[in-house]
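Q: One-letter residues, chain by chain:
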Amino acid sequence: MHMAHLLASSMGGIRAAGDLVARMQLKKMRITEAKRYVADKLHVTPLDLSDPTLMRGLREELDIGTITGVPGVAKGIAAKVRIAELLDIEINSVEQFKKKTGLHK
Amino acid sequence: MKILTRMGDSSNVELTRDELRKDLEEGSEAAAKKAKIPILTENELDYLVDMFAAPTRIWGVQRGNEVVMTKDGCVNALNSSRMSSGVVAPVNREVGVRLFESMLGFDSMEVAHNDYSVKPQRFLKALEQLHMELLQETTIFPLFYGFMPNLGLYYRPDGSFENPSDLLPFGKIDEARRTQEEALEACQKDCILMSDCMLEMGADGIDYDTVASTGDAEFLAVLRTTEHVAGETGLPVEIGMSSEMVLGFHGELEYDGVRLAGLWPHQQLELCEKAGTAIFGPVVNTNTKKTVPWNLARALTFVKACTEIAKIPIHPNVGMGVGGIPMFETPAVDVVTRCSAAMIEIGKADGL
Numbered sequence: 001m002h003m004a005h006l007l008a009s010s011m012g013g014i015r016a017a018g019d020l021v022a023r024m025q026l027k028k029m030r031i032t033e034a035k036r037y038v039a040d041k042l043h044v045t046p047l048d049l050s051d052p053t054l055m056r057g058l059r060e061e062l063d064i065g066t067i068t069g070v071p072g073v074a075k076g077i078a079a080k081v082r083i084a085e086l087l088d089i090e091i092n093s094v095e096q097f098k099k100k101t102g103l104h105k
Numbered sequence: 001m002k003i004l005t006r007m008g009d010s011s012n013v014e015l016t017r018d019e020l021r022k023d024l025e026e027g028s029e030a031a032a033k034k035a036k037i038p039i040l041t042e043n044e045l046d047y048l049v050d051m052f053a054a055p056t057r058i059w060g061v062q063r064g065n066e067v068v069m070t071k072d073g074c075v076n077a078l079n080s081s082r083m084s085s086g087v088v089a090p091v092n093r094e095v096g097v098r099l100f101e102s103m104l105g106f107d108s109m110e111v112a113h114n115d116y117s118v119k120p121q122r123f124l125k126a127l128e129q130l131h132m133e134l135l136q137e138t139t140i141f142p143l144f145y146g147f148m149p150n151l152g153l154y155y156r157p158d159g160s161f162e163n164p165s166d167l168l169p170f171g172k173i174d175e176a177r178r179t180q181e182e183a184l185e186a187c188q189k190d191c192i193l194m195s196d197c198m199l200e201m202g203a204d205g206i207d208y209d210t211v212a213s214t215g216d217a218e219f220l221a222v223l224r225t226t227e228h229v230a231g232e233t234g235l236p237v238e239i240g241m242s243s244e245m246v247l248g249f250h251g252e253l254e255y256d257g258v259r260l261a262g263l264w265p266h267q268q269l270e271l272c273e274k275a276g277t278a279i280f281g282p283v284v285n286t287n288t289k290k291t292v293p294w295n296l297a298r299a300l301t302f303v304k305a306c307t308e309i310a311k312i313p314i315h316p317n318v319g320m321g322v323g324g325i326p327m328f329e330t331p332a333v334d335v336v337t338r339c340s341a342a343m344i345e346i347g348k349a350d351g352l
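Line order of the protein sequences matches chains A and B.
So the first sequence is residues 1 to 105, counted in the working numbering.
So the second sequence is residues 1 to 352, counted in the working numbering.
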């Protein structure tokens, strides 16, 4: 079931930029607006956001987490700190992490 | 030439091109008549005819039209039983969530307990919090915390409240209404408890799934909970429904002056938006005695009525037995990929 949906219609999560668009949908943006917002922040087109070839390299360059294991590239909460800055949004887990570590401004 | 497709129970069926189009028209008309909404257009029917007539096993959206996936039921498909299409893989949910992120490339995910009802989950509150907290440190994609309000568990024999299904056959309508009003308060309290406690764990949102499975009282509990969670904590809320129409077990309950019993998806959406919902998931149940084209056209008609008026993202449920998908524990990819793509290309869904 999941595989079928992923093949037919998914943005591909962190294989591409599906996680970033999902974050904007949590802000109540519909798909076109959410894609446009993320594309503008990444300086790519909305079509590029579902392209795992383009996004694989761009994600590593931006250091926002990659689908494959690459030593030294930001992972987990570190990647989300950078995503929050990149998209200019607050991410709850990042805010909680900053509180716990005393990094909260 | 015959076109090979499936029935709502997933068995094969062959249709002529005329029979296919007739099924699509009748499915759309069935939804339109019930909910007083527009039928699918000729162009939309043409797309669906071509899609079902194509001999390919897989169908998909046009490149660039891909959408975001949200998920209910956590990793039950991995480590639960057949009830959740689960394969009982020896995988815990921390590993499972990581696999959904990396191996499957899901756009978001949900943390939840296998039971998935709020009533038992509240007893495991600390454990649930810990798993959310730990997963937030190791994952990148948005993580919801999810559960079913499942008001049914609050009634006897599972719960302490009198069961309206026991009272109604004896004509005890006032008593049946009263017990639902009392039970919904308890359910709402638990829903708020399990939502609020996820804020400091770093949750990205809360997913209420299979909403209104026990009718209008359950829907009211969730709308009130959403109002609190979205308003007080600021956590985004996704509401996934349980069926296309809210059943009126109570019959007189209202939210914001609107009677809940008998509401169709586009009407449910309007109330969910008022309550503060971030993402709405309409559900259209599959009729196993009808073909997949009939069921999909019916589902698309309901979903289109939502996406045409929505101010928030619409993620229709396209799982086992809903959204045109056959009611079968291992639905075939030929129909799943077609329902998936059509929900976006015709239904104009923002996600699934």
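Heads up, some of the hints might be wrong.
[Unchecked claim] Below, a list of computed lysine-lysine pairs in the DSS-like style, where the Cα atoms sit at most 25 Å apart: (1) A:Lys27 to B:Lys311; (2) B:Lys274 to B:Lys289; (3) A:Lys28 to B:Lys348; (4) B:Lys311 to A:Lys28.
[Said to hold, decoys possible] Output of the computed footprint for chain B on chain A, the stretches with three or more beta carbons under 8 Å from beta carbons of chain B: (5) 3-14; (6) 17-23; (7) 29-43.
[To be verified] So these bits of chain A aren't anywhere near chain B, every CB distance computed over 10 Å: (8) Leu54; (9) Leu58; (10) Glu61; (11) Ala79; (12) Ile83; (13) Glu85; (14) Asp88; (15) Val94; (16) Glu95; (17) Gln96; (18) Leu103.
Hints are computed from structural coordinates only; laboratory data are not their basis.
In this text, a Cβ means the ideal position worked out from N, Cα and C, and glycines have one as well.
Q: Can you name, in rising order, the numbers of the hints this structure does not satisfy?
A: Hints 2, 11, 12, 15, 16, 17 are the ones this structure does not satisfy, whereas the remaining hints hold.
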